[in-house]
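S.K.: The primary structure of each chain is shown beneath.
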Amino acid sequence: DAKTTQPTSMDCAEGRAANLPCNHSTISGNEYVYWYRQIHSQGPQYIIHGLKNNETNEMASLIITEDRKSSTLILPHATLRDTAVYYCIVRTAYSTLTFGKGTMLLVSP
Amino acid sequence: EAGVAQSPRYKIIEKRQSVAFWCNPISGHATLYWYQQILGQGPKLLIQFQNNGVVDDSQLPKDRFSAERLKGVDSTLKIQPAKLEDSAVYLCASSLGVGQTNEKLFFGSGTQLSVL
Chain A
107 DAKTTQPTSM DCAEGRAANL PCNHSTISGN EYVYWYRQIH SQGPQYIIHG LKNNETNEMA
167 SLIITEDRKS STLILPHATL RDTAVYYCIV RTAYSTLTFG KGTMLLVSP
Chain B
9 EAGVAQSPRY KIIEKRQSVA FWCNPISGHA TLYWYQQILG QGPKLLIQFQ NNGVVDDSQL
69 PKDRFSAERL KGVDSTLKIQ PAKLEDSAVY LCASSLGVGQ TNEKLFFGSG TQLSVL
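Chains as they are written, first to last, in the numbering used here: chain A, 107 to 215; chain B, 9 to 124.
The following label-pair restraints were derived from C-beta to C-beta distances: (1) T111/A to V63/B: 21 to 31 Å; (2) Q67/B to T198/A: 17 to 27 Å; (3) R24/B to N160/A: 47 to 57 Å; (4) K175/A to L92/B: 39 to 49 Å; (5) R24/B to S115/A: 33 to 43 Å; (6) A123/A to E22/B: 41 to 51 Å; (7) I169/A to V81/B: 33 to 43 Å; (8) N163/A to S26/B: 37 to 47 Å; (9) A119/A to K79/B: 47 to 57 Å; (10) N163/A to Q49/B: 19 to 29 Å; (11) Q49/B to I169/A: 23 to 33 Å; (12) S26/B to P113/A: 39 to 49 Å; (13) E172/A to Q25/B: 53 to 63 Å; (14) K109/A to R24/B: 35 to 45 Å.
Residues of chain A placed beyond 12 Å of chain B at every Cβ, according to the derived structure: (15) D117; (16) R122; (17) N160; (18) A166; (19) S167; (20) T171; (21) D173; (22) S176; (23) T178; (24) P182; (25) L186; (26) R187; (27) D188; (28) L212; (29) V213; (30) S214.
If the Cβ cut is set under 7 Å, some of the chain A residues that face chain B in the computed set are: (31) P150; (32) Y152; (33) G206.
I should point out that these hints are in silico values taken from the structure, not numbers from a laboratory.
Cβ coordinates follow ideal geometry from the N, Cα and C atoms, glycine included.
Bound-form chain B, shown alone:
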């Protein structure tokens, strides 16, 4: 079974530039998550989609971050303009659905972003 695919694996940009990350979840998974992981910390949820609708984006800095999940499959996370503090690993995860007692999240390997 193919896992969660993310690209690119690494990205280096200068502050004020824009950047986009792509995620393809496991086939059949309705729920997709984007997490941000700053060095030395646990992952922090940015946004959660159920199919192509947003379930939770309360921690997404909406002045510079945006995300979409067109057609309820793959997703793109964008940062525009980037700041130094956006340097982190951006993790995508997917799961079958919300509200199941055996809900497991499957994570991709992430995109490591460095903002100079």
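Isolated chain A, as found in the complex:
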């Protein structure tokens, strides 16, 4: 599976949009971009995934660049409860979910 690169940490003010970047320059044509997050003392939680097109659900939006070498997870109106570690993962439909260290997002009042 392609490797991903994420910033170690990010800050965001409550109510503002949180934009979390992810680089995956070696992504293959059959690999999807997945995002999970892990709130303290909980297991990881699925957020969203995509292949080529931008995706949106009730939790977030996923923007994938045209060359698919990078993506951005957008939380449109961050709340204190969005403070968590966010993992960007690239995988095929058949490969296992492999986690890196992720980005620690701290949402402040």
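Using the hints, position chain B against chain A.
M.R.: Chain B in isolation, oriented as in the chain A frame:
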């Protein structure tokens, strides 16, 4: 819908003792995973079951770790004997199946193991 259930929530043992963790996946989920998460790191896959068969156990330290999923439903992960470096959170996850493009994993809250 009930989530993935794990027990116990916390466990403290001394090195060389044995310990077992239990997981009950979401009803109808064919695939079950055990992950180990050491403090400050992302979860690492230990073993993956499809129904009651093992799909991937390449990262399971088989000299001390064992896992089973009898009847293709709940699962037990055992460590015997435990080492200090086994201190971690053990996460269980389940999903509908393998190879689906919208495959999502659902995780339990984990068992926090401390080996003294």
